[in-house]
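Asks: Residue numbers (this note's numbering), protein chains in the order written: chain A, 23 to 341; chain B, 2 to 636; chain C, 229 to 344.
Since the hints were made in silico from the structure, they are not lab data.
Please read these numbers as outputs of a predicted model, since none were measured by experiment.
Mixed in with the good hints there might be a few duds.
To be verified - A short, non-exhaustive set of chain B residues, derived as facing chain C with CB atoms under 8 Å:
| id | residue |
| --- | --- |
| 1 | Arg-26 |
| 2 | Glu-144 |
| 3 | Asn-160 |
| 4 | Asn-162 |
| 5 | Phe-168 |
| 6 | Val-618 |
Note that beta-carbon positions come from the ideal geometry of N, C-alpha and C, so glycine has one too.
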Amino acid sequence: MKLLMNLVYILIFPGLLFSSVFGLWLAGIDRKILARMQKRVGPPVMQPTYDFFKLMGKETIIPDNAARSTFLLAPYIGLASLIVTVLFIPIAGIQAFGGVADIVVILYLLTIPSLAIMFGGSASGSPFAGVGVSRTMVAIMSYELPLILIMLAVGRLAGRGFDMGITFSLEKIAQYQAANGPNLFCWSMIPAAVAMLFVIPCEVGAQPFDVGEAETEICEGPLVEYSGTPLAIFKLSHAIKMFVMTLLFTALFLGGISTGMLWLDVVIVLGICAVVTLVCMTLAHAITARLKVEQMFRLFWTVIAGLALLSLILVWIGI
Amino acid sequence: MIQHFPILSIMVLFLGAFLVVLVGRSRIARTAVVSAAVLTSFALMVALIKPVMIDGQIISYWMGNWAPVSGYAIGIGIEVDALSLFFGLLVSLAVMLSGFYSFKYITQDDSPDLFFTLYLMLAGGVMGIVLSGDLFNIFVMLEVMTFAAVALTAFRSWNPNAREAAFKYLVVGSLGSTFVLLGTALVYGQCHTLNLAQISGLLSVNGINPTMTFAFALLFTGFGVKAFMTPFHPIAADAHAAAPSSVSVLISGVFTKTGVYGIIRVSYFLFKSMGMSSMQTGLVFIGCVSMFVCVTMALNQHDFKRLLAFHSISQIGYILTSLGLCSAIGIAGGLYHAINHTLFKGLLFLTAGAVLYATGTTKLEKLGGLARRMPQTAALFMVGAFSISGIPPFNGFVSKWMIYQAAYEKAAETGSIGYAFVTVIAVVTSVLTLASFVKVGQSVFFGELPVELENVKETPLSMRIPMWIMAALCLLTGVLPGLMQQYIINPAVRATLDYKGYIDAMMGEGYAAAHLADTVPLAEAKYTFAGAWDPAFWLVLFVIVLLGVTVAMMIGKSGRGAATAIADDKHDTFFGGEKNTFSQVGGGDLFWGFKYNFRRYLNVMGNAHSGVVNDYVTWGVIDLALIIVYCFIFM
Amino acid sequence: MMLVNYIGAVLLLATGFYVMMTKENIIKIVIGMGIIDYGLNLIIVSIGFNEGGTAPIFTMSELKPGMYFVDPVPQALTLTSIVIGACVTAMALTLCIKLYEEYGTLNSSHIRRLRG
Chain A
23 MKLLMNLVYI
33 LIFPGLLFSS
43 VFGLWLAGID
53 RKILARMQKR
63 VGPPVMQPTY
73 DFFKLMGKET
83 IIPDNAARST
93 FLLAPYIGLA
103 SLIVTVLFIP
113 IAGIQAFGGV
123 ADIVVILYLL
133 TIPSLAIMFG
143 GSASGSPFAG
153 VGVSRTMVAI
163 MSYELPLILI
173 MLAVGRLAGR
183 GFDMGITFSL
193 EKIAQYQAAN
203 GPNLFCWSMI
213 PAAVAMLFVI
223 PCEVGAQPFD
233 VGEAETEICE
243 GPLVEYSGTP
253 LAIFKLSHAI
263 KMFVMTLLFT
273 ALFLGGISTG
283 MLWLDVVIVL
293 GICAVVTLVC
303 MTLAHAITAR
313 LKVEQMFRLF
323 WTVIAGLALL
333 SLILVWIGI
Chain B
2 MIQHFPILSI
12 MVLFLGAFLV
22 VLVGRSRIAR
32 TAVVSAAVLT
42 SFALMVALIK
52 PVMIDGQIIS
62 YWMGNWAPVS
72 GYAIGIGIEV
82 DALSLFFGLL
92 VSLAVMLSGF
102 YSFKYITQDD
112 SPDLFFTLYL
122 MLAGGVMGIV
132 LSGDLFNIFV
142 MLEVMTFAAV
152 ALTAFRSWNP
162 NAREAAFKYL
172 VVGSLGSTFV
182 LLGTALVYGQ
192 CHTLNLAQIS
202 GLLSVNGINP
212 TMTFAFALLF
222 TGFGVKAFMT
232 PFHPIAADAH
242 AAAPSSVSVL
252 ISGVFTKTGV
262 YGIIRVSYFL
272 FKSMGMSSMQ
282 TGLVFIGCVS
292 MFVCVTMALN
302 QHDFKRLLAF
312 HSISQIGYIL
322 TSLGLCSAIG
332 IAGGLYHAIN
342 HTLFKGLLFL
352 TAGAVLYATG
362 TTKLEKLGGL
372 ARRMPQTAAL
382 FMVGAFSISG
392 IPPFNGFVSK
402 WMIYQAAYEK
412 AAETGSIGYA
422 FVTVIAVVTS
432 VLTLASFVKV
442 GQSVFFGELP
452 VELENVKETP
462 LSMRIPMWIM
472 AALCLLTGVL
482 PGLMQQYIIN
492 PAVRATLDYK
502 GYIDAMMGEG
512 YAAAHLADTV
522 PLAEAKYTFA
532 GAWDPAFWLV
542 LFVIVLLGVT
552 VAMMIGKSGR
562 GAATAIADDK
572 HDTFFGGEKN
582 TFSQVGGGDL
592 FWGFKYNFRR
602 YLNVMGNAHS
612 GVVNDYVTWG
622 VIDLALIIVY
632 CFIFM
Chain C
229 MMLVNYIGAV
239 LLLATGFYVM
249 MTKENIIKIV
259 IGMGIIDYGL
269 NLIIVSIGFN
279 EGGTAPIFTM
289 SELKPGMYFV
299 DPVPQALTLT
309 SIVIGACVTA
319 MALTLCIKLY
329 EEYGTLNSSH
339 IRRLRG
């Protein structure tokens, strides 16, 4: 029975099937709303789903220069680690495998998909991929500093509520928010939430921070030699990553909203995910241009890290 | 019977060294002697796990049976508690695996018999340090070890830079030995004994007078030189790059750990100074500076082994930081990271050696695309790179996770935000480590294969087997941290905090109670985790998901990989329509965004590592002066 | 407590460190290492000195309580240290010869191919 329950968690909700469907839907509304903001009609909301199935039917061309096994295996490792991450983040109180992982684990697990893209691109042997790998790594270096500061701040806030000093466990953070209201409503958490809104597009690879996969500059960087099913998997991972990051934002800052009915809670959480996507990814995409690599690095290590640091100091001194 | 195992374990290595001199010419005899020596030493260490770690016994052995007379130690003592056995296991494992690797690897150099003599002397010296219970014995073994390491650094006659590296290593290394000897002499002048247990007892009674503070600073700095603490790290970079790779494994994995072991013995046992918050702050500060400076220097390097050397020192910075926190979880994290570091750093150096063996160079600009010719070496490199960056489920993640927890808990406990920044610096260093290894991966193993490297072959099997064993251990220690902690780490942590038991085992029962006015507990020996991490569960989950995804999605048609008969340009690399020329994005061209923002800092650091031996000595002496002043002000 | 010895030893150590830090000829650096060794050995021997004691050379039958002799342990430590110093000097001078063969100079600021 437990095994069957676990399989349902892994494969259906909130695992593979649910996160794929919802992630692709998020990607779809992102493109549609962006088009409307730019006074275009835009593709149908189901377009990313159509793209996914179309790519699966195409031929996989492996270049001569590529290291075969890494090239073919990388997308699946990225997808698998994303699914594992989704299973550890609580959705409206449902946590598939509670008590097994904490936010440091999630932080490291979230680097694995980017690592998969980098090693896959590296293995393809193309110079565009080499440049893309370099830029993607600089993007990872940029957002990790603010992200760890944000997580330390939230952990300290929740831990103080439990008299433990600090906590890293997402379960405890959810319980703290259930008892004291969402974290966003504390004054000290607002800079951290703003910083997180900047970290999300950088991690997902959305404009204005998508230097790693700049279509116009380096022909999509690490993905240049991919085609067919592996490319479909990478696109799916991109969509699921949007879902995972916005879900993480909800779990850290807007948890604890409960109306008493489970399905309504889940719908609210998913709605918040969609709103966050629209705010930080679509809106930013529509009104800004792509930042250069060194500008992005400087922005994250000075301004965004400064905001997160402010939040950490405020939490520490007790506001 | 088991009383004799520690001394046998040391002597077997020295005996092996002498025998290799006699029979060295014949390859079979040499291989047999070396294998027998390292295997026996490792087997003796493993045989001691049950009595020492599981049952909690402390083995003490007086050389020549000179037992203490009326509470006064007059002989040289060997004392093995769980901490010593922990380091002994680590040492003998690294020596064994690296020794098996060297059999094939050293065929590219001349005089292999001299190599193995020096190798076994180095191994014997290191075993002597970690198992010894006498301060001057530690010094003598330290010197034996330094000699052997310097000679092995200068070993390659076809590498013109090896002599420069060896000379600098000798000069700065002898500086460290000088500090240790001066500290030992001062301690002797105060306590009139050289036995670690008795000194520990006497110093708690008599208190710490200014001479002893001076001696502490000297001993700490001396062992810090051996552990390649921050101002002493440039020589490590030179030495690792010049030495043969199997020796680099020993220098980075084993030699540095003796420095860490010395620091633990001096601060936790002899002077019991770790309880003081000023000492904790000092050691944590040194560790953080080591971590960050070395990892940013590593991003600038153009040589594979020099880059690995800088990372090695950065990881030692992690260990020192974690030990400086002086809480049970901190010590556990530090010790776990020590064994992980030996494993994954050893694996990476052996991979670098394999690349050197196959291609003849380690310069990042000249390599590229080797994964197609050496697929297993590339896979092993990726295991090592993921381990050092701390990607789950490999072992680097577990120890780093414990270090982050320890630092942040210390911050919550003491209420000072400085320790929270230690966590932040540790995470940032981890990301920069990942960056370096992506750089190495892209420039060495992936990308385009240069024309002159078309004919390289895969690493020979006898070199691959130790590498696979190390990779398997990396995965195992990552997936089974519960077992590791229960049987290996926790006894060592308890032994670190229980200096009373150590004294009693050596000097006879009741000595500690008679001499120690009150036993000050350094820290609580139990810990609870602020988070949760259950890797075996997670790994099973990951495998299930991976299988499910792979099975469900592998329905696309796959095109050809290697060249087949028909030549078409569908399988060429995409160049935007231009002609397909060789263009490999090499090591020096990566991470421009980061290097541009840090350009002034990287410039200053690059010029500071000037390569002139006088500069390194000056840094060393200034650092000693600063540590002495710090100790006098705060203790 | 021989004050002259200790002051002399400290002066030797300081001279040795000064030579190692500032002199550019690598043979002079090796000489500096030797001077540090001398200073160190002087300190170790002086620690063991007892005013008015005799040399600690006895057979078992001659030892009676109340005999006053200097401490033999530091003398043993010094012997070991002298031997180690000799070996270090030998190895360092060998490396100097090899460095001269390779680089053609004995100046340490020109022997710096490994840097950065």
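Asks: Please go over all the hints and tell whether each is borne out by the structure.
Replies: For each hint, the structure was consulted:
The closest approach between the C-beta of B:Arg-26 and any C-beta of chain C is roughly 23 Å, which is over the 8 Å cut-off, so the hint fails. Given the 8 Å rule on beta carbons, the hint for B:Glu-144 holds: about 5 Å separates it from the nearest Cβ of chain C. The restraint placing B:Asn-160 at the interface with chain C is violated, with a minimum CB-CB distance near 10 Å, outside the 8 Å limit. A distance limit of 8 Å between C-beta atoms decides the matter here; for B:Asn-162 the minimum to chain C is near 5 Å, and the interface restraint holds.
The closest approach between the C-beta of B:Phe-168 and any C-beta of chain C is roughly 5 Å, which is under the 8 Å cut-off, so the hint is satisfied. Taken as an interface hint, B:Val-618 checks out: its beta carbon lies about 5 Å from the nearest beta carbon of chain C, inside 8 Å.
Violated hints for the displayed structure, listed by number in ascending order: 1 and 3.
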